[in-house]
Amino acid sequence: MRVRGHPVLGEPPRGREVTIYLDGRPLSAREGEPVAAALFASGIRIAHYTGSGEPRGPFCMIGRCTECRMLLEGRGMVLTCLTPVEEGMRLRTPGGGKA
Amino acid sequence: MSPDIPGEGDLWRSSWEAAVDGAVAVVDCREEIPCNPCEEACPTGAIRVGPDICAAPRFDPQACNGCGRCVALCPGMAVFLLDRREKSGFARVTVPYEMGERPVEGEEVQVVDGEGKALTGGKILKIRALGGGAPTLLVTVRVPESVALKVRGVRYRLMERDGFREVDKLPSLADYPLCRCEDVPLERVRDILRTGLKSLPSLRRASRVGLGYCQGMFCQSSLRQELAEATGREGEEIGSFRVRPPVRPVKLGFLGGGNA
Ligand code: SF4
Ligand code: SF4
Ligand code: FES
Chain X
-9 MRVRGHPVLG EPPRGREVTI YLDGRPLSAR EGEPVAAALF ASGIRIAHYT GSGEPRGPFC
51 MIGRCTECRM LLEGRGMVLT CLTPVEEGMR LRTPGGGKA
Chain F
11 MSPDIPGEGD LWRSSWEAAV DGAVAVVDCR EEIPCNPCEE ACPTGAIRVG PDICAAPRFD
71 PQACNGCGRC VALCPGMAVF LLDRREKSGF ARVTVPYEMG ERPVEGEEVQ VVDGEGKALT
131 GGKILKIRAL GGGAPTLLVT VRVPESVALK VRGVRYRLME RDGFREVDKL PSLADYPLCR
191 CEDVPLERVR DILRTGLKSL PSLRRASRVG LGYCQGMFCQ SSLRQELAEA TGREGEEIGS
251 FRVRPPVRPV KLGFLGGGNA
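Those sequence lines, one after another, are chains X and F.
Under my numbering, the first sequence has 54 at position 64, and the numbering climbs by one with no breaks.
Under my numbering, the second sequence has 237 at position 227, and the numbering climbs by one with no breaks.
One thing to keep in mind: the hints can contain errors.
What the hints assert, rightly or not - Residues from chain F that keep clear of chain X, each with C-beta distances beyond 12 Å, as calculated:
(1) G19
(2) D20
(3) E50
(4) G99
(5) M109
(6) G110
(7) R112
(8) V153
(9) E192
(10) S209
(11) Q225
(12) M227
(13) E236
(14) E246
(15) G263
Said to hold, decoys possible - A few chain X residues facing chain F, derived, Cβ under 10 Å:
(16) G(-5)
(17) P(-3)
(18) C50
To be verified - Footprint (simulated), chain F over chain X, 3 or more residues, beta carbon under 8 Å:
(19) 10 to 17
(20) 55 to 69
Don't read these hints as lab results, they were simulated from the structure.
Glycine included, C-beta positions come from ideal geometry on N, C-alpha and C.
Make a model of the complete structure from these sequences and hints.
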């Protein structure tokens, strides 16, 4: 889901449509939007799992809470709310037996 | 000047007193978050955050002209205007409004506190937009002075349309994750406190609260509060985790000039 016609923010800027990969699965995203926003738009809300297997997802959206962290190939752990989408990014969901 | 300031008024005594002459900002921003649009919004320098962007804003009501730019531009909706010039037991409160449905001047609305709880009814006196990149509407309502400092918003028509839904069951407090990064429930912290541990650094090491990715930015205040309650001490005696720049977690490679 993307928010359209927000009463304060208006229309979101439209970046070029690109493909990113989450745990190997291709997803469409807009270049330049935050990775967290692109994942939300594809219905993905879980960024990682804690040690005890609890799911965690973006919370503060300003790079403070670190709940949105994911593994980005070539860069290690990143805060997805602050990381702009680039063509071909490969993300992994840490924890949950996946990484 | 009224010596009785309702509610948490003491925090905002200077705004409360200045408001007898007209609209003045009340800044309800207490968390130390990396944020300063209020400072940039203010044409008179009445609100200052300063070079440490995480500092809570300082406010000088004498310098404030009541323009409301800070109200419109604070992303946390943490500023409102108070105007007590009527001196009739009623005050005018101006709050930011960002919902889709546009309110109408002259209407009666419900005013709500910071938790969304209804306080009372109030009449909308004025609605304005500042323009210039600040689409947030400023809604001025007239309310009894006794609740004026508690008002944080207006609930427009929602009551008639949807009715109220109560949350029937909150998860138990014991399971509440006090530290989300390291996955530490509140009850675990209390268990450790029962062993008699008294200092913040040792509590941090024993519980791992504050040692995760957020480096204590989210959990530190909760941990300090638990320690204060368990030991009957004040926050100042407890101290805090050592704060080191940068504000956000940054990779060592980046600090070393690499690309991270
Ligand atoms: S109301 Fe205007 S003058 Fe007063 S603090 Fe806000 S921006 Fe500054
Ligand atoms: S803009 Fe609002 S939230 Fe940000 S520092 Fe100023 S008062 Fe606080
Ligand atoms: S959502 Fe809080 S750091 Fe990204």
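These are the hints, each one checked on the structure:
Every Cβ of chain X is farther than 12 Å from the Cβ of F/G19; the closest lies at roughly 30 Å, confirming the non-interface assignment. Non-interface call for F/D20 relative to chain X: holds, since the shortest CB-CB distance, roughly 29 Å, exceeds 12 Å. No beta-carbon of chain X is positioned within 12 Å of the beta-carbon of F/E50; the least distance is around 16 Å. With a least beta-carbon separation of about 34 Å from chain X, F/G99 lies farther than 12 Å from that chain, consistent with its non-interface assignment.
Separation of F/M109 from chain X is inadequate, the least Cβ-Cβ distance of about 6 Å not exceeding the 12 Å criterion. F/G110, annotated as away from the interface, has a beta carbon of chain X within 12 Å; the closest lies near 5 Å. The non-interface label for F/R112 is inconsistent with chain X: the shortest C-beta to C-beta separation is roughly 9 Å, within 12 Å. Consistency note on F/V153: stated as away from chain X, and its beta-carbon is indeed over 12 Å from all of that chain's, at 24 Å minimum.
At the 12 Å boundary, the C-beta of F/E192 falls inside the reach of chain X, the nearest C-beta of that chain being 8 Å off. The beta carbon of F/S209 is kept farther than 12 Å from every beta carbon of chain X, the shortest such distance being approximately 25 Å. Consistency note on F/Q225: stated as away from chain X, yet its beta-carbon is not over 12 Å from all of that chain's, at 8 Å minimum. With a cut of 12 Å on Cβ distances, F/M227 falls inside the contact zone with chain X, its closest approach being about 6 Å.
Annotated as non-interface, F/E236 keeps its C-beta farther than 12 Å from every C-beta of chain X; the closest such distance is 19 Å. Consistency note on F/E246: stated as away from chain X, and its beta-carbon is indeed over 12 Å from all of that chain's, at 24 Å minimum. Some Cβ of chain X comes within 12 Å of the Cβ of F/G263; the nearest lies about 9 Å off, and the non-interface call is violated. Among the interface hints, the one on X/G(-5) holds; its C-beta lies about 8 Å from the nearest C-beta in chain F, closer than the 10 Å criterion.
Because the beta carbon of X/P(-3) sits about 5 Å from the nearest beta carbon in chain F, less than 10 Å, this interface hint is met. This hint holds: X/C50 has a C-beta 8 Å from the nearest C-beta of chain F, less than the 10 Å allowed. Under a criterion of three residues with beta carbons nearer than 8 Å to beta carbons of chain F, the stated coverage of the region 10 to 17 of chain X fails, only 0 such residues being counted. Only when three residues or more bring their CB closer than 8 Å to a CB of chain F does the claim for the region 55 to 69 of chain X stand; here the count is 8, and the claim holds.
Of the numbered hints given earlier, the model fails hints 5, 6, 7, 9, 11, 12, 15, 19; all others are met.
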